[in-house]
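Since chain A is already given, all that's left is putting chain D on it; use the hints.
These are the residues of each chain, in order.
There are 2 protein chains.
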Amino acid sequence: MSLSIHLWSKWGLTMTNNRPKHFSSEQFPVQNHCIQIGDMLLTRLTQRVGSTPYFAYDRKLITGRIKSLRQCLPNKIKLHYAMKANPMPAVVQHIAGLVDGIDVASLGEIKVALDTVMLPSKMSFAGPGKNEHELSCAIAAGIVINIESELELERIVALAEHLAITPKVAVRINPDFELKSSGMRMGGGPKQFGIDAERAPIVLRRIIELGMIFEGLHIFSGSQNLKVEAIQDAHEKTLQLAVRLARESSIPIPSLNMGGGFGIPYFPGELPLNLAAVGENLQHLLNRLEPELLETQFVIELGRYIVAEAGVYVCQVLDKKGSRGQLFLVTDGGMHHHLAASGNFGQVIRKNYPVTVGNKVGIAETEVVSVVGPLCTLDLLADQMELPKAEVGDLIVVFQSGAYGLTASPMSFLSHPIPCEVLV
Amino acid sequence: MSLSIHLWSKWGLTMTNNRPKHFSSEQFPVQNHCIQIGDMLLTRLTQRVGSTPYFAYDRKLITGRIKSLRQCLPNKIKLHYAMKANPMPAVVQHIAGLVDGIDVASLGEIKVALDTVMLPSKMSFAGPGKNEHELSCAIAAGIVINIESELELERIVALAEHLAITPKVAVRINPDFELKSSGMRMGGGPKQFGIDAERAPIVLRRIIELGMIFEGLHIFSGSQNLKVEAIQDAHEKTLQLAVRLARESSIPIPSLNMGGGFGIPYFPGELPLNLAAVGENLQHLLNRLEPELLETQFVIELGRYIVAEAGVYVCQVLDKKGSRGQLFLVTDGGMHHHLAASGNFGQVIRKNYPVTVGNKVGIAETEVVSVVGPLCTLDLLADQMELPKAEVGDLIVVFQSGAYGLTASPMSFLSHPIPCEVLV
Numbered sequence: 001m002s003l004s005i006h007l008w009s010k011w012g013l014t015m016t017n018n019r020p021k022h023f024s025s026e027q028f029p030v031q032n033h034c035i036q037i038g039d040m041l042l043t044r045l046t047q048r049v050g051s052t053p054y055f056a057y058d059r060k061l062i063t064g065r066i067k068s069l070r071q072c073l074p075n076k077i078k079l080h081y082a083m084k085a086n087p088m089p090a091v092v093q094h095i096a097g098l099v100d101g102i103d104v105a106s107l108g109e110i111k112v113a114l115d116t117v118m119l120p121s122k123m124s125f126a127g128p129g130k131n132e133h134e135l136s137c138a139i140a141a142g143i144v145i146n147i148e149s150e151l152e153l154e155r156i157v158a159l160a161e162h163l164a165i166t167p168k169v170a171v172r173i174n175p176d177f178e179l180k181s182s183g184m185r186m187g188g189g190p191k192q193f194g195i196d197a198e199r200a201p202i203v204l205r206r207i208i209e210l211g212m213i214f215e216g217l218h219i220f221s222g223s224q225n226l227k228v229e230a231i232q233d234a235h236e237k238t239l240q241l242a243v244r245l246a247r248e249s250s251i252p253i254p255s256l257n258m259g260g261g262f263g264i265p266y267f268p269g270e271l272p273l274n275l276a277a278v279g280e281n282l283q284h285l286l287n288r289l290e291p292e293l294l295e296t297q298f299v300i301e302l303g304r305y306i307v308a309e310a311g312v313y314v315c316q317v318l319d320k321k322g323s324r325g326q327l328f329l330v331t332d333g334g335m336h337h338h339l340a341a342s343g344n345f346g347q348v349i350r351k352n353y354p355v356t357v358g359n360k361v362g363i364a365e366t367e368v369v370s371v372v373g374p375l376c377t378l379d380l381l382a383d384q385m386e387l388p389k390a391e392v393g394d395l396i397v398v399f400q401s402g403a404y405g406l407t408a409s410p411m412s413f414l415s416h417p418i419p420c421e422v423l424v
Numbered sequence: 425m426s427l428s429i430h431l432w433s434k435w436g437l438t439m440t441n442n443r444p445k446h447f448s449s450e451q452f453p454v455q456n457h458c459i460q461i462g463d464m465l466l467t468r469l470t471q472r473v474g475s476t477p478y479f480a481y482d483r484k485l486i487t488g489r490i491k492s493l494r495q496c497l498p499n500k501i502k503l504h505y506a507m508k509a510n511p512m513p514a515v516v517q518h519i520a521g522l523v524d525g526i527d528v529a530s531l532g533e534i535k536v537a538l539d540t541v542m543l544p545s546k547m548s549f550a551g552p553g554k555n556e557h558e559l560s561c562a563i564a565a566g567i568v569i570n571i572e573s574e575l576e577l578e579r580i581v582a583l584a585e586h587l588a589i590t591p592k593v594a595v596r597i598n599p600d601f602e603l604k605s606s607g608m609r610m611g612g613g614p615k616q617f618g619i620d621a622e623r624a625p626i627v628l629r630r631i632i633e634l635g636m637i638f639e640g641l642h643i644f645s646g647s648q649n650l651k652v653e654a655i656q657d658a659h660e661k662t663l664q665l666a667v668r669l670a671r672e673s674s675i676p677i678p679s680l681n682m683g684g685g686f687g688i689p690y691f692p693g694e695l696p697l698n699l700a701a702v703g704e705n706l707q708h709l710l711n712r713l714e715p716e717l718l719e720t721q722f723v724i725e726l727g728r729y730i731v732a733e734a735g736v737y738v739c740q741v742l743d744k745k746g747s748r749g750q751l752f753l754v755t756d757g758g759m760h761h762h763l764a765a766s767g768n769f770g771q772v773i774r775k776n777y778p779v780t781v782g783n784k785v786g787i788a789e790t791e792v793v794s795v796v797g798p799l800c801t802l803d804l805l806a807d808q809m810e811l812p813k814a815e816v817g818d819l820i821v822v823f824q825s826g827a828y829g830l831t832a833s834p835m836s837f838l839s840h841p842i843p844c845e846v847l848v
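Heads up: the sequence lines are chains A and D, in that order.
Position 368, counted from 1, in the first sequence is what the numbering used here calls 368; the numbers after and before it change by one each time, with no gaps.
Each position in the second sequence, counted from 1, maps to that position plus 424 in the numbering used here.
Calculated from the structure, these hints are not laboratory results.
Note that the Cβ used here is the ideal one computed from N, Cα and C, for glycine as well.
Heads up, some of the hints might be wrong.
Dumping the calculated DMTMM-like pairs for lysine to aspartate or glutamate here, alpha-carbon to alpha-carbon at most 25 Å [unchecked claim]:
| hint | chain 1 | residue 1 | chain 2 | residue 2 |
| --- | --- | --- | --- | --- |
| 1 | D | K744 | D | E810 |
| 2 | A | K78 | A | E292 |
| 3 | D | K744 | A | E198 |
| 4 | A | K360 | D | E556 |
| 5 | D | K445 | D | D807 |
| 6 | A | K320 | D | D620 |
| 7 | A | K320 | D | E633 |
| 8 | D | K502 | D | D657 |
| 9 | A | K389 | D | E574 |
| 10 | D | K661 | D | E672 |
| 11 | D | K500 | D | D463 |
| 12 | A | K320 | D | E622 |
| 13 | A | K76 | A | E280 |
| 14 | A | K67 | A | E270 |
| 15 | D | K744 | A | E209 |
| 16 | A | K389 | D | E578 |
| 17 | D | K744 | A | E161 |
| 18 | D | K813 | A | D39 |
| 19 | D | K744 | A | D176 |
The following residues of chain D were derived to be distant from chain A, with all beta-carbon distances above 10 Å [as the list claims (entries may be wrong)]:
| hint | residue |
| --- | --- |
| 20 | A564 |
| 21 | I589 |
| 22 | A654 |
Isolated chain A (complex conformation) (with noise of 0.2 Å):
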């Protein structure tokens, strides 16, 4: 706790006595009361963007993010990144050459990631809905599709035909548990994604009659869970449907993907997922594997564990004003380039992102203000914090800022330019 109070009082966020706090962490280092990001001063940064508001990336944080993880984790595992939590194609590029493989979601992500150096045998195409265009498309490339329904299985086979390419394919799974404590829900009950686990064994022997290329299984359970016991219970869960699925259906699981789920500290009284206990859970199962999984390559697939820490959002103060006793810095940046950030997305009750003023970081007098943007009553970046006493021209920057953020806004949104994304 003396850490967390030492590291807060570097950012120049003022601990307010019985409150949680916001996690800090040192991944943007501080010098003359500015942060840097990938090595620039953030006022430098600024400049050299030109244009407020904007998202920064720093790559450092992003391959020492995947170096944690290939550290924590077990060798056998495979490490995929679910491009959806941030497309920028020099993000992708990135980490295309750091990681295993490559989640896709639609057909824009397949562009951005066939461009980068990744295998298409590496990427996989998941997520309900794809259309015939989509599915064509990958097919041609080679990518492995994730079946989410009885009825792409047959409009795969229909396509190929047509296309005289044999598919490879994975078969997501519906699980029949759920990961506890998850930000995200995405297994377990009645679900449009994948294939109830119940029906999994039937499909699976299908692929194989119709002479597909089965690549292997995906159970997702969950995402954005800080719970160390919930994301080690949902491994051995996972482990445990896979072996049913591979007894019943008789068929060799080639590849299993685990899905990801691990969450980053977001709000006030949220710590970081213990990542060295997941990986030493993982390894433990992995040495008792059942035989049915001896052969099989295992996958965790992460987006917003890879990169959301990585990132920051900043935009500048162009007002500051009171009103009946409260203090408003008003910012050319809000919920149109951060939603998650206004507290509009996903969340039932708005928390505050952990914020300050980027070039007055530990600076001496701090002042609580809300942090707001220039549309609705809903576009708020911060709620009645204590900040370091900030004017017009300063810079408000948003941590935790690298995943769904620009492109999970409204970015329309009352017709504002485009915001910038840079990766240093």
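For chain D alone, coordinates are given in the frame of chain A:
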């Protein structure tokens, strides 16, 4: 109530006993079980557009809604369009010929508005956090700038001097009351919007001293309100506040923009606003105006109310699947195009928008289905609704989609193509 039942059965939407129902209207005629938009069958329109999903806005319905407003509101009231609700250029072009003014919120919106027949002097530029570039362009265009803070006033002075143009300004007031039962509160208490009512007289006198062209006041107190009493109350208080500010400042108010806030029924149990009662109350208030407002021009500014009910979102069923006893229609559309219908835009509890199968309205067979999109668990267009029995290829229609649809959605999420918008 019997009328409502009749209309629902017309839409092919069976009633569920003891549950609140969606209000229906007859704005889109039905022929051979297919709805018509702009006198065109939905199936034919879909062929014409050439791809799904798309948004379609009915030109006649927009015209009709503006006619109703003209009929119900006093002649003295000018009608402005808040183009943030739907900034599609063709829509703005159409509306510009029918209303008395346009409210813009960004340089992007200014550009679209300036391409219409509307005079710049009838445009008002509102919103906190306008940057210097936007302000300069607005001053040069001769648009009325709604001042949102004292700092913004001084900034306009400096820019106008530099441009050697006398700026036209109005003052947005943060009222000391708020619109009750409003979907989005924009007045009362500390706010980022406008000048606190108690500071306004000082600001008004400063504007006159500076020799700016003072156009009047904007007093907005909320939006999406369906309760006629609340709107009547807000109108009365708005006039009282304007009188008070005119007295306290001894400055006449050339124009008073009373805001809008007229709601439309989205969710089960909601009924349309009683527009006639709003108009009668306004007439009553105008009949007994205080002397300070006898020369004032009154404006009602509406966005959603003009366009929302004239628009539909159309997507196609790509897959139909059962999962553990529930039926899912997987479509090519979803929350990336229509965030509000997915329940992720300002709503606390998710409720269904009115949805139907647009080419099977009123068929005998119905079933309870969930309509989902290709993205994530949040991507839900209809949660277990009773709809006409649909198959792959059928067209899902989301009604009440003419406002805050496409531009208020995270269009680039998962990198799917941007959908078309058509005005028919």
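Verification of the supplied hints:
For the given pair, K744(D) sits about 15 Å from E810(D) by alpha-carbon distance, which is consistent with the 25 Å threshold. Between K78(A) and E292(A) the CA atoms are separated by roughly 19 Å; this keeps the pair inside 25 Å, and the hint holds. Our distance criterion of 25 Å between C-alpha atoms is met by K744(D) and E198(A), whose separation comes to about 18 Å. Our distance criterion of 25 Å between C-alpha atoms is met by K360(A) and E556(D), whose separation comes to about 23 Å.
Pair hint K445(D) plus D807(D) holds up; C-alpha atoms about 14 Å apart against a cutoff of 25 Å. Between K320(A) and D620(D) the CA atoms are separated by roughly 14 Å; this keeps the pair inside 25 Å, and the hint holds. Proximity of K320(A) to E633(D) is assessed by CA-CA distance (about 23 Å); at most 25 Å being required, the pair is judged to hold. Restraint check for K502(D) and D657(D): the C-alpha separation of about 20 Å stays at or below 25 Å, so the hint holds.
With a C-alpha separation of about 19 Å, the suggested pairing of K389(A) with E574(D) holds against the 25 Å cut-off. Between K661(D) and E672(D) the CA atoms are separated by roughly 16 Å; this keeps the pair inside 25 Å, and the hint holds. Among the hinted pairs, K500(D) with D463(D) is inconsistent with the structure: their alpha-carbon atoms are about 34 Å apart, more than 25 Å. Restraint check: the Cα-Cα separation between K320(A) and E622(D) comes to about 18 Å, which is no more than 25 Å; the hinted pair holds.
For a cut-off of 25 Å, the pair hint linking K76(A) to E280(A) stands: about 13 Å separates their Cα positions. The hinted pair formed by K67(A) and E270(A) meets the criterion: a straight-line CA distance of about 23 Å does not exceed 25 Å. For the hint pairing K744(D) with E209(A), the CA-to-CA distance comes to about 23 Å; that is within 25 Å, so the pair holds. Taking the CA atoms of K389(A) and E578(D), the gap is near 22 Å; set against the 25 Å cutoff, the hint holds.
Taking the CA atoms of K744(D) and E161(A), the gap is near 23 Å; set against the 25 Å cutoff, the hint holds. The straight-line distance between the Cα atoms of K813(D) and D39(A) is roughly 59 Å, outside the 25 Å bound, and the hint therefore fails. Taken as a hint, the K744(D) and D176(A) pair is honoured in the structure, with Cα atoms around 20 Å apart against an allowance of 25 Å. Every CB of chain A is more than 10 Å from the CB of A564(D) (nearest about 18 Å), matching its label as outside the interface.
Once the 10 Å rule is applied to beta carbons, I589(D) is consistent with being away from chain A; the minimum gap is 21 Å. Interface exclusion of A654(D) from chain A stands, the closest Cβ pair being 17 Å apart, more than 10 Å.
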